[in-house]
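Number of protein chains: 2
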Amino acid sequence: MLNLRRISQVPKKSIRIISAMANPQQEKGSKSKLQFALKTPKGTKDWADKDMVIREAIFTQLSSIFKRHGGVTIDTPVFELREILAGKYGEDSKLIYNLEDQGGELCSLRYDLTVPFARFVAMNNIQNIKRYHIAKVYRRDQPAMTKGRMREFYQCDFDIAGNYDSMVPDAEALSITVEGLTSLGIKDFKIKINHRKILDGIFQIAGVRDEDVRKISSAVDKLDKSPWEVVKEEITVEKGQSVETADKIGEFVKLNGSLKEIFDVLSQDSAITSNEKAKQGLDDMATLMKYTKAFGIDQYISFDLSLARGLDYYTGIIYEVVTSASAPPKNAQELKKKSKNSDDASEYVGVGSIAAGGRYDNLVSMFSEASGKKGVSIPCVGISFGVERIFSLIKQRTELSTAIRPTATQVFVMAFGGGKDWTGYLPERMLVAKQLWNAGIEAEYVYKAKANPRKQFEAAEKSGCPIAVILGKEEYLDNKLRVKRLGPEFASDDGELIEAEELIPKVQQKLSEIYQGGVDEVTRLLQNI
Amino acid sequence: MLNLRRISQVPKKSIRIISAMANPQQEKGSKSKLQFALKTPKGTKDWADKDMVIREAIFTQLSSIFKRHGGVTIDTPVFELREILAGKYGEDSKLIYNLEDQGGELCSLRYDLTVPFARFVAMNNIQNIKRYHIAKVYRRDQPAMTKGRMREFYQCDFDIAGNYDSMVPDAEALSITVEGLTSLGIKDFKIKINHRKILDGIFQIAGVRDEDVRKISSAVDKLDKSPWEVVKEEITVEKGQSVETADKIGEFVKLNGSLKEIFDVLSQDSAITSNEKAKQGLDDMATLMKYTKAFGIDQYISFDLSLARGLDYYTGIIYEVVTSASAPPKNAQELKKKSKNSDDASEYVGVGSIAAGGRYDNLVSMFSEASGKKGVSIPCVGISFGVERIFSLIKQRTELSTAIRPTATQVFVMAFGGGKDWTGYLPERMLVAKQLWNAGIEAEYVYKAKANPRKQFEAAEKSGCPIAVILGKEEYLDNKLRVKRLGPEFASDDGELIEAEELIPKVQQKLSEIYQGGVDEVTRLLQNI
Numbered sequence: 002m003l004n005l006r007r008i009s010q011v012p013k014k015s016i017r018i019i020s021a022m023a024n025p026q027q028e029k030g031s032k033s034k035l036q037f038a039l040k041t042p043k044g045t046k047d048w049a050d051k052d053m054v055i056r057e058a059i060f061t062q063l064s065s066i067f068k069r070h071g072g073v074t075i076d077t078p079v080f081e082l083r084e085i086l087a088g089k090y091g092e093d094s095k096l097i098y099n100l101e102d103q104g105g106e107l108c109s110l111r112y113d114l115t116v117p118f119a120r121f122v123a124m125n126n127i128q129n130i131k132r133y134h135i136a137k138v139y140r141r142d143q144p145a146m147t148k149g150r151m152r153e154f155y156q157c158d159f160d161i162a163g164n165y166d167s168m169v170p171d172a173e174a175l176s177i178t179v180e181g182l183t184s185l186g187i188k189d190f191k192i193k194i195n196h197r198k199i200l201d202g203i204f205q206i207a208g209v210r211d212e213d214v215r216k217i218s219s220a221v222d223k224l225d226k227s228p229w230e231v232v233k234e235e236i237t238v239e240k241g242q243s244v245e246t247a248d249k250i251g252e253f254v255k256l257n258g259s260l261k262e263i264f265d266v267l268s269q270d271s272a273i274t275s276n277e278k279a280k281q282g283l284d285d286m287a288t289l290m291k292y293t294k295a296f297g298i299d300q301y302i303s304f305d306l307s308l309a310r311g312l313d314y315y316t317g318i319i320y321e322v323v324t325s326a327s328a329p330p331k332n333a334q335e336l337k338k339k340s341k342n343s344d345d346a347s348e349y350v351g352v353g354s355i356a357a358g359g360r361y362d363n364l365v366s367m368f369s370e371a372s373g374k375k376g377v378s379i380p381c382v383g384i385s386f387g388v389e390r391i392f393s394l395i396k397q398r399t400e401l402s403t404a405i406r407p408t409a410t411q412v413f414v415m416a417f418g419g420g421k422d423w424t425g426y427l428p429e430r431m432l433v434a435k436q437l438w439n440a441g442i443e444a445e446y447v448y449k450a451k452a453n454p455r456k457q458f459e460a461a462e463k464s465g466c467p468i469a470v471i472l473g474k475e476e477y478l479d480n481k482l483r484v485k486r487l488g489p490e491f492a493s494d495d496g497e498l499i500e501a502e503e504l505i506p507k508v509q510q511k512l513s514e515i516y517q518g519g520v521d522e523v524t525r526l527l528q529n530i
Numbered sequence: 002m003l004n005l006r007r008i009s010q011v012p013k014k015s016i017r018i019i020s021a022m023a024n025p026q027q028e029k030g031s032k033s034k035l036q037f038a039l040k041t042p043k044g045t046k047d048w049a050d051k052d053m054v055i056r057e058a059i060f061t062q063l064s065s066i067f068k069r070h071g072g073v074t075i076d077t078p079v080f081e082l083r084e085i086l087a088g089k090y091g092e093d094s095k096l097i098y099n100l101e102d103q104g105g106e107l108c109s110l111r112y113d114l115t116v117p118f119a120r121f122v123a124m125n126n127i128q129n130i131k132r133y134h135i136a137k138v139y140r141r142d143q144p145a146m147t148k149g150r151m152r153e154f155y156q157c158d159f160d161i162a163g164n165y166d167s168m169v170p171d172a173e174a175l176s177i178t179v180e181g182l183t184s185l186g187i188k189d190f191k192i193k194i195n196h197r198k199i200l201d202g203i204f205q206i207a208g209v210r211d212e213d214v215r216k217i218s219s220a221v222d223k224l225d226k227s228p229w230e231v232v233k234e235e236i237t238v239e240k241g242q243s244v245e246t247a248d249k250i251g252e253f254v255k256l257n258g259s260l261k262e263i264f265d266v267l268s269q270d271s272a273i274t275s276n277e278k279a280k281q282g283l284d285d286m287a288t289l290m291k292y293t294k295a296f297g298i299d300q301y302i303s304f305d306l307s308l309a310r311g312l313d314y315y316t317g318i319i320y321e322v323v324t325s326a327s328a329p330p331k332n333a334q335e336l337k338k339k340s341k342n343s344d345d346a347s348e349y350v351g352v353g354s355i356a357a358g359g360r361y362d363n364l365v366s367m368f369s370e371a372s373g374k375k376g377v378s379i380p381c382v383g384i385s386f387g388v389e390r391i392f393s394l395i396k397q398r399t400e401l402s403t404a405i406r407p408t409a410t411q412v413f414v415m416a417f418g419g420g421k422d423w424t425g426y427l428p429e430r431m432l433v434a435k436q437l438w439n440a441g442i443e444a445e446y447v448y449k450a451k452a453n454p455r456k457q458f459e460a461a462e463k464s465g466c467p468i469a470v471i472l473g474k475e476e477y478l479d480n481k482l483r484v485k486r487l488g489p490e491f492a493s494d495d496g497e498l499i500e501a502e503e504l505i506p507k508v509q510q511k512l513s514e515i516y517q518g519g520v521d522e523v524t525r526l527l528q529n530i
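One line per chain: the protein sequences are A and B, in this order.
Note that the first sequence covers residues 2 to 530 in our numbering.
Note that the second sequence covers residues 2 to 530 in our numbering.
Pulled out of the complex, with its shape left as it was, chain A reads as follows (with noise of 0.2 Å):
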């Protein structure tokens, strides 16, 4: 509510003009003075109806699926320190919001997760915790090169901080990544896996030298929308590295397949098992095949060796999950059709990709040693859903399907009768419906005295409501009521006439007849979509 307590310390004229805002039969002969658009800021905009419900579906989905696994959340506030944020997003700094100076701490909008996370283990010196946070983050990003992207968008992390057996955590982020895309009905889609180490090795046996490998490795990252040949230009043209490394590099690459094929392929090449970080990254892939096969989940995975995704932050396994929408063009020609998508998915994470992360063992100790702590090291792994993409995945999908209800109320109260007498059972309606509330049982009512049974059934079917609580003129005064379902299909069904006390029974037995099985609505909802 506004809070107007000390509207009277307000000089005179400003209180005229308030008040003849707020009320205009008040102040005669005082006008309106100001003006302005109604709409929300560009980049941001409202959220409410089913859009609503299916993004709290998606979100109450994701959260029990965390809670399966042990996670915790946490909330962060929506600025940080200025000092917090800035240096950690490169180029992209320009993106962030600011706070205006208005005499205090120079703070900024979150630009994403992950930093607010590092800075929350460091400053509690937590030496582990499996945290989720579904939270919004803020981005300027500029209009001209981001047509529809929002400057304000949700994200969904799930990462676990600690010193653990080697790939233990890593494998459980992978089989929460299934599990909470299959929870929302998305079954098509693979997580291609790579390893930072892997590709160093690679890039060391093709020749590149150390202080190249970061370009490198960003011109490898494209080929996820481009195809080889075009970034195969890019790395001897642009990045000045021979034919030769350029198609050694190609050799490696252009590797995918499923997490035995590929590890058999590169265990048996001597050039990587005699390279020690390539060599170090396929220890590890050894070990995490264990734990992906124990967890049922290597049919989803492809060991993709051209995933490079910003090398610099991740010092592990890297990982990015697509659906088959977002399969790289094959050539040149499919790319030019392709490339009016901005390579700046940056509220997405990256171009058809939903979901996305990796092992980040330095971040923690970075932001310890930056404040002038002793710098422990904190090793992170971590998935984050783009559940901007998600929720426009499943939007479409419903917009096939089942009428998604933006309320949830199953009981709707009428109450029919006539003549001089008649009152239209408002308070008598009321008292029913608050039995139904007592017992948790969702219900709601015309907020009229006398309502004709057209209109209460048409507020009915508007609600979605599947059952009908309908006092009769006479049968409520000989204690009874009657319970109908509601729908096309019961059109000619007269429910059944039931004694007043039997009410809650009686509904609760018909709800458990309607959602069998006890399935909750998120997931009906979700799956039945």
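Among the clues, some could well be false.
Because identical chains share one entry, a pair is satisfied inside a single copy or across any pair of copies.
Here are the simulated DSS-like pairs of lysine-lysine, each with C-alpha atoms no more than 25 Å apart in a straight line [as the list claims (entries may be wrong)]: (1) K68 to K137; (2) K474 to K451; (3) K137 to K51; (4) K294 to K474; (5) K40 to K137.
Note that these hints are calculated values from the structure, not bench results.
Since the structure is predicted, the reported quantities are computational estimates derived from the model, not experimental observations.
Given the coordinates of chain A, assemble chain B onto it according to the supplied hints.
The following block gives chain B in isolation, referenced to the frame of chain A:
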């Protein structure tokens, strides 16, 4: 995850610094230059662990009450166009956080959830909606005045907009208030109700001129913190009313009691019944009483003529919920003691109050008009729960009783064995955990191949899981698992050895024994403490 996709386009020097921080081992000779404090901005904090469990339980519980009444939720951006917020909060406008002018629209962080709601309703030409919104709002309270005041905090609003039969949504908002608070285990509260038109009438009867009504209301408003003698002095000395006027006001505003008691007193007062405004207000109260009786909430209500609540904004009934901790001081000495509670309780709803609201019929039309649309009046009534204060109350309660677990896991999967060939059964434990997760059962295990039994039991105890599933070295090979209750009272309980196929039914059976009656965890949490 950090998006360092464009890291290759960053100047080499920046890359070195960032890389040095992310990978200290890699960069020889470069030193981390950035230093900063590891903290959240002033007035903000992180939430984690048990605090977070309590907060989420509060939000979930209130949401389910709102949904039960057919409420829908919306999500609005965290910042609005600056002109939307400007001029709405009187002198408090200086507490608004602005975003920096970075070359686009000027924006500010939302100060409450009501203005965004009115903007949303006007913008979308909504005729009626029952919406709830639980989200954070931002106020740059000055530290000197507001020791311990949060600058970022949650509000939880439920509002009914639309034209309905008189007082019906008002009554339902009151019922929701009662249901919300009692569902959170808060029983010792009173809803103080008054009506703007009755107050207006009282002031008229007492001889207050129209132009003085606001400042006199603001004085009366202080009766929740100051005794009458102090307020009377403000009315006469500071605000220039005669002693007779003040005394007349005093006769009325000291009145409080049940709806019926005060209604009877007022309806027998001819000054009241012959004053047009007061009579309208009284008629509204008569209607309201029919419905509060139907909802069975009369015992929570106090008709209190001293309640004023920033009168300008509200147009009908107004209400404020107080707990026993918030009784006003009886005299000036007690007032001195309480005076260190600032009366700028802007993040809470009044000093000591835990919820407040009322009817405000002109806000939406103000938005429509100011934006150049035809000003359609959409009457609104709502309640705002002071969730931060409610959180403090519940947290106090929990510190005195049951421990709250930060995680939701129910089953701890362990493995015991020994001898040279003992592998620790880590993949085997993962497989068992996966079966449990697939069945929707929350489970965890230590991320270590070989962990001795004691460490596993300690981890299980720390997690708070009530059940252990144990893989014995030989038993497992024999296709058997052991299911055991955890906890000091089960120390000598060896549990049951079962066939591996019986795992899920057995665990589900044990869980329903533990959580008899099917009370969900949220309810158990909040009611049993």
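Verification of the supplied hints:
Proximity of K68 to K137 under the C-alpha cut-off of 25 Å is found in both arrangements, the shortest distances being 20 Å within a copy and 23 Å between copies. For a Cα distance limit of 25 Å, the shortest separation of K474 from K451 inside one copy, 12 Å, qualifies, whereas the shortest one across copies, 73 Å, does not. Proximity of K137 and K51 under a CA criterion of 25 Å is satisfied in both settings, with 19 Å inside one chain copy and 22 Å between copies. Taking CA atoms no more than 25 Å apart as the test, K294 paired with K474 passes between copies only; the shortest distance there is 20 Å, against 66 Å inside one copy.
In the homo-oligomer, the alpha carbons of K40 and K137 lie at most 25 Å apart both inside one protomer (20 Å) and across protomers (20 Å), since each shortest distance falls under that limit.
Hint compliance for this structure: every hint is met.
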